[in-house]
Amino acid sequence: MSGKIVSIAHGVEGLFIENNRFNTTSISYNFYLPLREETVAENALLPFILTASSKKYPDFSALNLKLNKLYGARLDASAEKYGDCQLLSMRISVINDRFTFDSDSLVKAASDMLLGLIFEPNTENGAFMENDVEREKRKAIEHIKGEIAEKRVYAKNRLISEMYKGEAYGIQKCGTVGQVEAITGESLYRAWVNMLSSAFVRVQVIGESLPPKFFEAVAEKFENLSRKDITDCRSCKPTAPAKKVKTVFEKMDVKQGKLVMGFSSEMYGDDDVSLPLMVMCDIFGGAPYSRLFTNVREKMSLCYYCAASTVRYKGLLTVDSGVEWQNADKAVNEILNQLEIMQKGEFTDFEFESSIKSICDTLKGNYDSQNGIDLWYALKINNRQLYSPEDIIEKVKAITREDVIYAARGVKLHTIYKLLPKEGPIC
Amino acid sequence: MLKQVFESDFGESYIKCEHESGLKIYILEKPLYNSAYAIFGTKYGSIDNCFSVNGEKVEVPEGIAHFLEHKLFESEDGDAFTRYAETGAYANAFTSFDKTCYLFSCSSRFYDNLEILLDFVQSPYFTAATVEKEQGIIGQEIRMYDDSPGWRVMFNMLLGMYKNHPVRIDIAGTTDSIAEITDELLYKCYNTFYNPQNMFLCIAGNVNTEKILKMVENGIKPKEKFDLCRIMPTEPDEVSQPEIVQALEVATPMFCFGYKENADSMPTVKERICTAVLLEMIAGDASPLYKSLTEQGLINDEFSFEYFNGPGYSTVIFEGESSNPKKVADEIKAEINRLKEEGLNKKLFTAIRSGLYGNAIRGFNNIENIAMGLVDCAMNDTDLFDDVKYLKAITVDDVYKRLARLDDDKTVLSVIVPKEK
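Respectively, the protein sequence lines represent chains A and B. When we follow numbering that gives the first Met the number 0, the leftmost residue of the first sequence carries the number 0, and every step to the right adds one. When we follow numbering that gives the first Met the number 0, the leftmost residue of the second sequence carries the number 0, and every step to the right adds one.
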């Protein structure tokens with residue numbers, strides 16, 4: 000499984016990944032824009048409003064009825080952070096033509112539909128329709144406010160905001176409630192025009208075959224646009240080490256406390272340089288054989304979960320855990336003790352080898368998920384080589400214990416965030 | 000072992016067979032895939048707190064099935080996770096109301112992993128010391144769920160709906176109930192429910208059926224068969240409490256609105272599929288109700304519905320976030336009554352049927368989904384291709400008839416409201 004990048008227009012790439020194991024074909028449009036306070040909320044709303052209606056389907060019920068008629072074609076929208084960029088994705092997937100009895104091609108119809116949604120939205124006089132804008136704004140605000148319900152996610156996001164205060168990466172991925180409230184039909188229209196003219200774009204198709212003249216149809220849409228100031232997705236500021244470790248706490252009416260620790264890493268960047276950090280993180284706290292799971296959970300019985308994860312291109316490593324507030328300091332000390340063990344190279348060969356095997360096994364499994372493949376390549380935009388999971392497996396197999404120790408030594412505690420129950424102490 | 004082959008008209012097929020021990024085995028091969036997914040499970044879940052073995056009645060603490068699941072990973076000389084670490088597989092387990100499942104997924108060394116799975120699930124090792132250690136970990140798991148509004152809103156609804164049925168109890172039990180668990184009780188439950196006659200093995204992915212069957216032939220330890228009977232308390236038709244409200248740290252209220260239904264027998268395949276179509280027609284994203292609720296600002300993308308049923312319980316649930324859950328519940332009731340009076344829209348029916356057909360085909364993309372589907376087949380003695388077959392055959396009249404079971408007088412509205420600041 001590998002594909003070749005096709006140049007569609009200035010800063011617009013096409014990628015077809017031939018894969019005949021799935022019953023569906025998936026088509027995604029990925030727009031990369033700089034992450035900025037002044038544009039984040041409008042940009043984040045775009046994938047949602049664009050996939051809710053269009054000139055042809057001004058009513059979302061009519062659009063959903065059509066999706067049902069297309070044998071449950073699935074339309075998805077998302078707005079995520081990708082380093083210091085915002086990644087806006089719109090995606091449709093539909094069952095392959097051979098499973099239906101219709102004479103028309105489903106894949107072609109779904110592909111035309113998505114193109115229409117992105118390029119011919121329901122707008123009037125340079126603005127999106129008021130009803131549509133207000134509906135999507137309300138949903139976005141409820142989504143932002145609703146984050147507090149999931150304490151683990153909330154705590155992790157709070158750590159990121161604290162750790163990257165004043166930096167692009169600290170911006171909330173859908174903006175703040177105030178920023179969403181300020182959106183108008185006109186400002187959203189301007190964001191849409193900006194997205195089409197200046198975003199770096201990757202259009203991806205994964206399936207048995209490419210719909211006829213697919214990339215030509217996409218090229219036609221971009222032809223009349225003036226494409227300029229294209230986003231440079233490579234600009235991603237690495238995480239600077241903290242001059243002094245910051246501790247932040249927040250009180251809430253909860254039974255269980257949450258502890259999140261953020262670390263800066265001297266190793267960061269794309270696959271050619273940062274893979275040892277992935278292995279280090281996995282041995283440290285990525286799986287049931289990891290140091291954190293076996294010690295903080297199993298031996299000390301302090302928590303149900305204590306896990307490490309990393310954002311390699313940003314040079315960020317986090318550890319999060321749900322603990323009783325009385326045990327929070329004990330957990331912090333043990334987590335730091337385990338990091339020191341990693342830095343001294345005192346992890347076992349068994350842990351190292353288990354990690355390499357587990358990572359390679361998971362990477363190979365990527366081929367069996369259409370969404371997984373789509374996301375894999377949507378995140379492979381900085382590297383012209385377009386590494387496949389198989390390429391990365393080869394690179395991971397070449398990693399040595401020394402590489403992992405080197406990665407661990409660059410990991411420095413930056414910020415600690417604690418969510419404490421109301422009855423807990425101030426610490 | 001006698002093999003039964005099931006074939007679909009869209010290119011998939013699987014086998015079912017029964018080992019002499021009574022173990023049911025289901026395998027669907029996906030030769031084009033890199034990975035495989037295996038589940039070894041037992042018909043034993045959180046609702047099985049009272050049962051009889053050869054006529055002798057036994058009562059055990061709430062949450063013990065889940066506790067047992069955690070403990071089974073340990074053996075005298077290490078734990079199963081350490082063994083999987085050697086092969087690189089991803090391993091996990093879960094306990095639901097009516098089953099406990101142990102699973103792994105991998106892209107290499109499938110047969111080594113299967114050997115580990117079959118071995119550790121059949122090798123219990125419980126001591127007073129290991130039981131005590133687990134009480135700390137599970138205690139934290141329970142407290143984590145206590146803070147989870149999504150979890151609480153559902154369990155509060157079940158509490159409001161069921162007076163006696165154990166589905167009203169949290170899967171993990173309570174800090175107090177798990178304190179009563181001992182190693183002897185764990186062995187008692189293990190020896191009762193982890194008998195192959197009560198178990199299943201479901202596998203999907205890049206595997207060889209014959210090789211698996213050979214391994215199972217030698218790898219399953221036969222046990223004496225006995226009469227196992229679940230004892231369920233009598234459950235009245237009425238709900239226990241029609242409205243139930245709890246305050247937690249949320250921004251927008253969360254709700255779970257359910258219709259209690261008669262559950263004397265498990266639903267047939269036709270009933271299950273008619274319910275799936277009906278729920279889409281009532282509240283799916285192409286329905287008039289969904290449009291109206293969205294336009295009034297009463298629901299967002301968190302809105303969903305499900306048909307939730309098992310031994311002795313059956314309910315249709317609508318859930319989501321809303322500034323006014325009471326109004327959402329009233330509108331759902333009104334829409335159901337309108338449909339009862341006016342009948343169902345045939346065009347919408349046809350479109351939804353196509354949509355669900357496509358979803359069923361799409362489901363075969365994912366080996367985890369397939370393996371879980373095979374577990375349902377083992378639990379309910381159904382065929383994995385039922386959805387695709389029956390969706391072609393059902394009519395709008397079949398779906399209309401299903402509406403009658405939704406009774407206005409048997410609803411529960413559970414709401415999580417924000418804490419007052």
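Everything labelled a hint here was simulated from the structure, so no lab data went into it. Treat the hints with care, as some may be off.
[Unchecked claim] Restricting the straight-line Cα-Cα distance to at most 25 Å, the calculated cross-link-like pairs of lysine-lysine (PhoX-like) are:
1. A/Lys144 to B/Lys325
2. A/Lys172 to A/Lys68
3. A/Lys363 to B/Lys325
[Unchecked claim] Which chain B residues stay away from chain A? Per the calculated CB distances, all over 10 Å, these:
4. Leu158
5. Cys228
6. Asn358
7. Thr394
We put the CB at the ideal spot given by N, CA and C, even for glycine.
Tested hints:
A hinted pair counts as satisfied when its Cα atoms are at most 25 Å apart, and A/Lys144 with B/Lys325 qualifies at roughly 21 Å. Between A/Lys172 and A/Lys68, the direct Cα distance comes to roughly 33 Å. Violation of the 25 Å bound is thereby established for this hinted pair. Proximity of A/Lys363 to B/Lys325 is assessed by CA-CA distance (about 48 Å); at most 25 Å being required, the pair is judged violated. Against the 10 Å criterion, B/Leu158 stays outside the reach of chain A, whose nearest CB is about 18 Å from its own CB.
With a cut of 10 Å on Cβ distances, B/Cys228 stays outside the contact zone with chain A, its closest approach being about 34 Å. The claim that B/Asn358 is not at the interface with chain A is violated, since a C-beta of that chain comes within 10 Å of its own (minimum 4 Å). Its beta-carbon lying about 17 Å from the closest one in chain A, B/Thr394 satisfies the requirement of being farther than 10 Å from that chain.
Hints 2, 3 and 6 from the earlier list are contradicted by this structure; the remaining hints agree with it.
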